[in-house]
Amino acid sequence: MRDRSNQMTVGLTLLLLLSLPLWIGNSYYINIASQILIWAILALGLNLLVGYAGLTSLGHAGLFAIGGYAAAMLLAAGFGHVLAVLVALIVTLVASALFAVLALRATGIGFLMITLAMGQILWGIAYRWASLTNGDNGIAVASRPAPFGLSLAHASGFYYATLFVFLLALASMALLVRSPFGASLAGTRDQARRMTALGYNVWLIRFLAVLFSGFWSGVAGLLFIYYNQFISPQVAALTTSAEALLMVISGGSGTLLGPIVGAAIVVIMKNVVSAYIERWNLVLGVIFILIISFMPEGLVPGSVRLWRLARQVLSGKRAGAGRAAEQLKASR
Amino acid sequence: MTALEIKGLSKSFGGLRVTRDVSFTVAAGERRLIIGPNGAGKTTLFNLITGELVPDRGSIKLFGHDISTVPCRRRAHLGMARTYQIITLFSRETILRNIMLALLGLSPLRWNAVSNLGSQHGLVERARAVLARVGLDHIAERRLGETSYGERRRVEIAMALAQNPKLLLLDEPFAGLSVDERHDVQKLLLAIPREVTVVMIEHNMDVALGLADRITLLHLGEVIVEGTRAAVVADPRTREVYLGV
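Residue numbers (this note's numbering), protein chains in the order written: chain A, 1 to 332; chain B, 1001 to 1245.
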């Protein structure tokens, strides 16, 4: 029964996402939807570390940007999209491996500080090594690719391509977290010492998780540069890492839906609400404070908890009313 | 045949010498009880045997194979399993899932990132069989956070047993248990077949003495007395250092 209801929810959501350009119409809002999906991919990648491995990273903007820069440089040098994308993903994986080797010397605050430092180094390279990255001026990407002859030049085409990649990312995450490897990863989060005693290679499990997380961060970075057709050091800045982390934490780390909801909140606040409210940052801050105060586990698990509580209260009231009616009947 | 051979094992933390030139052997199938007052270095000795701590000096052999430099995780694959004095379980997971994690630890399946863990029926059945062995199969689906302390102690032991160890190290398996729970755990330990060598740290002499073939008394990181139950209990040094009479 519950499985069927879950399948129906997934089916309806998929239908909604697939038909979105048809009922939104306005290309501005279709682009907003594409942005949400791009940021959701980054947040999902980061969530694997934060939520499932217990490793909080503040350097994911570096992994998000490095693939984008690699692709933008190759495209600017006249290479094709296929080569640019492949090289960008390899560069991201190599950078992720380097991140992992250095950062996995520690956990907790140590891991966070090392990833922060690595992210800042990449930002510094993007900003100051102007002969390579064009510094503050950034690198323009002349065109979007046309996979299988499908044009991504317009909002709808790009949205569908992003949706396809997003669904791949989500499916791969869902598979991984439910798999034996996912259980091992969660085990390293909860009891690393015990896991070692049970025969697990905790370091290698975490290393592979950083690679997987970095890969999807790189994919999100590629979509980002194709969306904007431009990349600048701002993409690698600490604010980008912090925003991604806020998406994960506010939506609910350790859940698949949480980071997507978190990404939607941040993107909508930045792009839609900012058009109406000048101090949108303040509103975003208040929203985060409210989430952390009333749903410290994040919006998605917090909403589930409140929903269950409400159902319990309602069913309790119904049961109470039923008992009262029976007592009344008996007294008559 | 010797299951465990420890020679000249020493460990210091800064200026504090926790384990001093400890040497002893445990025969295959033997039940060895390690006793000693608090701070004697019993748990440190376990951590050295399992590889969680690296000794400053000395060697450890498991069934004749020198494992002194073998990493902790590899020792589990060589047939060594342990429980912890402070319960170290996965509190967000169900009891069944805890046991499945123990089984996965020795299986190549742990690297599988594609298949659903819940659909690994063989693994689930094996985990249920282990839980039946310790009398917890009826609450297999219960979250660990919703179980009693005594049940968690049994899960600790079940996780170690799930790995079919050749050498089982039990660190105070009776700690914090009620009288009834102690008897349950005692029965469980008595049922462990003699193919498994058991080394146990325990303070609770009422239940532990009945399980031990031989006893080793540690004091300030050194082996003070070693011998049969009767010999160690009768030794005046045991009375002076441990029993306090």
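Check the hints yourself; a few may be wrong.
[Unchecked claim] Facing chain B, from chain A, some residues (calculated, C-beta under 10 Å): (1) Tyr127; (2) Arg128; (3) Ala130; (4) Ser131; (5) Leu132; (6) Leu175; (7) Ser184; (8) Met195; (9) Gly302.
Worth flagging that the hints you see were computed from the coordinates, not collected in a lab. Glycine included, every Cβ here is placed at the ideal spot set by N, Cα and C.
Cross-check of the supplied hints:
Hint on Tyr127 of chain A is violated. Least Cβ distance to chain B is approximately 36 Å, over the 10 Å limit. Here the hint on Arg128 of chain A is broken, as its CB sits about 38 Å from the closest CB of chain B, past 10 Å. Look at Ala130 of chain A: its Cβ only gets to about 41 Å from chain B, farther than 10 Å, so that hint breaks. Below 10 Å, beta-carbon pairs count as interface contacts, and Ser131 of chain A has none with chain B, the closest being about 40 Å; its hint is therefore violated.
Checking Leu132 of chain A against chain B: minimum C-beta separation of about 35 Å lies over 10 Å; hint violated. Given hint, Leu175 of chain A at the interface with chain B, holds; its Cβ is 6 Å from that chain's nearest Cβ, closer than 10 Å. The beta carbon of Ser184 of chain A is positioned within 10 Å of a beta carbon in chain B (closest approach about 5 Å), and the interface hint is therefore held. About 7 Å separates the beta-carbon of Met195 of chain A from the nearest beta-carbon of chain B, less than 10 Å, and the hint is met.
Because the beta carbon of Gly302 of chain A sits about 17 Å from the nearest beta carbon in chain B, more than 10 Å, this interface hint is broken.
Violated hints, listed in ascending order, are 1, 2, 3, 4, 5, 9; each of the other numbered hints is respected by the structure.
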